[in-house]
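**Student:** We have chain D already, so just place chain R on it with the hints.
This is what each chain is made of:
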Amino acid sequence: MFSLRNISVRYGNTLAVKPVSLNVEPGRTLVLIGPSGSGKTTLLRVMAGLVRPEGAVCFDGAAVEDWRAVRRRIGYVVQDGGLFPHLTARQNITLMSRELGRDAGEIAARTDELASLTHLSADQLDRYPAELSGGQRQRVGIVRALMLRPDVLLLDEPLSALDPIIRAQLAQELKTIIETLGTTAVLVTHSLSEARYFSDQLVLMRNGGVVQIGSYAAFEEAPEDPFVTEFIEAESML
Amino acid sequence: MRTALFALLSLLVAAMPARAQIVVGSKLFTESVILGEMAQEAITARTDEAVSHKRELGGTRIMWNALIAGEIDVYPDYTGTIRYEILPDEGLETDAALPAALATRGLEMSAPLGFSNTYAVAVTRETATRLGLRTTSDLRAHPNLRFGVSNEFLDRADGWQALAAAYDLPQTDVRGMIHDLSYRALASGQVDAVDAYTTDAQIAQYDLVLLEDDRNHFPVYDAVYLYRSDLPEPAKAALGELAGTLDEAGMQDLNDRAQSGAAEGDLAAEIVSLALGVDVEASGRTDSRAGRVWQRTKEHLALVGIALGAAIVIALPLGIAAARLPRFGNAILGAVGVLQTIPSLALFVILIPLLGIGAVPTIAALFLYSLLPVVRNTHAGLTGIAPALLDSADALGLSRTARLRRIELPLAAPTIMAGVKTAAVIAVGLATLGAIIGAGGYGQPILTGIRLASTPLILEGAIPAAVLALVMQAAFDLAERWITPRGLRLRQAAP
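Going down the list, the sequences are from chains D and R. Residue numbers for the first sequence follow full-length UniProt numbering, so the first one is 1 and each next one is one higher. Residue numbers for the second sequence follow full-length UniProt numbering, so the first one is 1 and each next one is one higher.
Hints are computed from structural coordinates only; laboratory data are not their basis. Certain hints may be false.
What the hints assert, rightly or not - Derived list of chain D stretches under chain R, where covered just means 3 residues or more per stretch with a C-beta under 8 Å from a C-beta of chain R:
1. 61-74
2. 93-99
3. 212-224
The beta carbon of each residue, even a glycine, is placed where N, CA and C say it ideally should be.
Extracted from the complex, chain D is given alone in its bound form (with noise of 0.2 Å):
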């Protein structure tokens, strides 16, 4: 689905993201991880067409021109739903479809399944953000972003501003969600329990670079590098 080649980001003179190639399948998920400051939410900003790197992106086997085109084929959440706090939770999510001129019956008729999908109700949804939980916050950012039938779905730490409850069930819910829509999904953590749960994929960063890509399974029998054994330790000590 993405094919990143070659790609690096550089703000003055450090290089956030040092040269990778990286492959996202389709229908699979793909979970980046590392520690605070190792480039993973920038790699993912630039799968969302938000920070312009060095290298070519490819989307669907094309070098990405013109960003607008694409961003509407991608569903992009991140920590705490980033809603819009003027609208109602029903306004954030139907934004851009009623931008495209879409039919209302079809908005609401998408609205509703989305919303049965992640157990929001009619009454919620007329809320301002302001006016839900953290949880119903998260579930709406999602809803909002799979709203146009993405083929992508990126994720920015989704689970991490929730409390442990709460984020086992949205884990579920969200892991149910990809698999239903057989979407393909990018998904940013620093939690080496989110990655073991979600990933068919996992990528690990340090310090701007990739330090090992491949199964959970191959990270802990065949550690490329200290650091990977390292994380994995630091993780299960606590």
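**Tutor:** Frame of chain D, contents of chain R only:
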């Protein structure tokens, strides 16, 4: 947007009274207003022209510029003022050289009205007796005397500097103030000496002593009418009929009665009736107080409303551009910031050659002053939006225009509205200054009140101006609540 601007402009034109064919102007002091009324009544009596009188326009520079620009056709002035203040570089030795110098500018002057209103230093009788002051030279022995002189006198070529040089005056405590207020300062003992016009009514009222000009420093200040050469001949002739009809005692009497509450128009009518031998009626202004305040309110609201409306139309896009393009933004914010530092009176005077006098330059000045709060708050509101929200908008695929309209402007609306409110309240206050250049509004009764030392008149302008500022504030507070999206008002309540 262009349509909106056009609509505003046509509204502005409609809001202004139709321009009379002949416009008389007068300066911001009682004698000038009476002489202006006389000119209006005389020309009205002798011609079929429509004549209007723009009263209390301000100082010599404003009048001269307005006359040159054709905004006014006639105004009263003094030969000494013309020679030394208006045309100091021409080196005119006597009044006889004046007509030729004026002719090169397309202007003429009438024969002298009869009285001369020169300057003199005035002190209270008590001070004169105690210090033994009789002549201006006597002031040299008392270097600690405090002077309060009119602002014009402080600055002009034939004013304080020249007087101090001519008499070697040692005094250094010299403060500029509005002429009519300097007498009050003298009476209350805050200053010891003032510059007086020799026909001022206050000389008799306060029993002041005029010090003799023993070195013959002050030139002759014969009162004349200055007018444009294209003034119709019958009108010129009418002004000519007023020549020699008013001596110093007569003028001092008129000034005194005006200070005591007589209408300038009625006083002028007495003189004009005698001079022309016909019964002249004062151009009546018999409105009730409520009627006057209502009229002033309409004028004031028109000034503020048009200026503010135009400022929003221009400042909003400027603020958006400033937020989008940081380098351009710095230039824009710097430029509107500099505009704000121009003193308002200076701005009015600068605008007269371009826009004339009256409502238009006042609106232009208010417009310029309103730009900064709106541009700065638009910029602040837009740049203060959390970057994560803009990312969300971009990631959704919203175009730049849709992002601005749907996300950025609603989020910045409360901040923008606060800027508009600031601009409105400032404009209500500043618009009172517009009266100096004939814009009307609440400033008019304040100016007249200062001139006539009438506290009720000052309050007739000051109280409505303060009330209007408060009403504006309250109205914009409501508008701010209304324009702030409900979701944003909830922000505080959220956990």
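**Student:** All the hints need checking, so say for each whether the structure fits it.
**Tutor:** The hints, checked one at a time:
1. 61-74: holds (count 4)
2. 93-99: holds (count 3)
3. 212-224: violated (count 0)
In summary, the structure is inconsistent with hint 3 from the numbered list given earlier, while agreeing with all the others.
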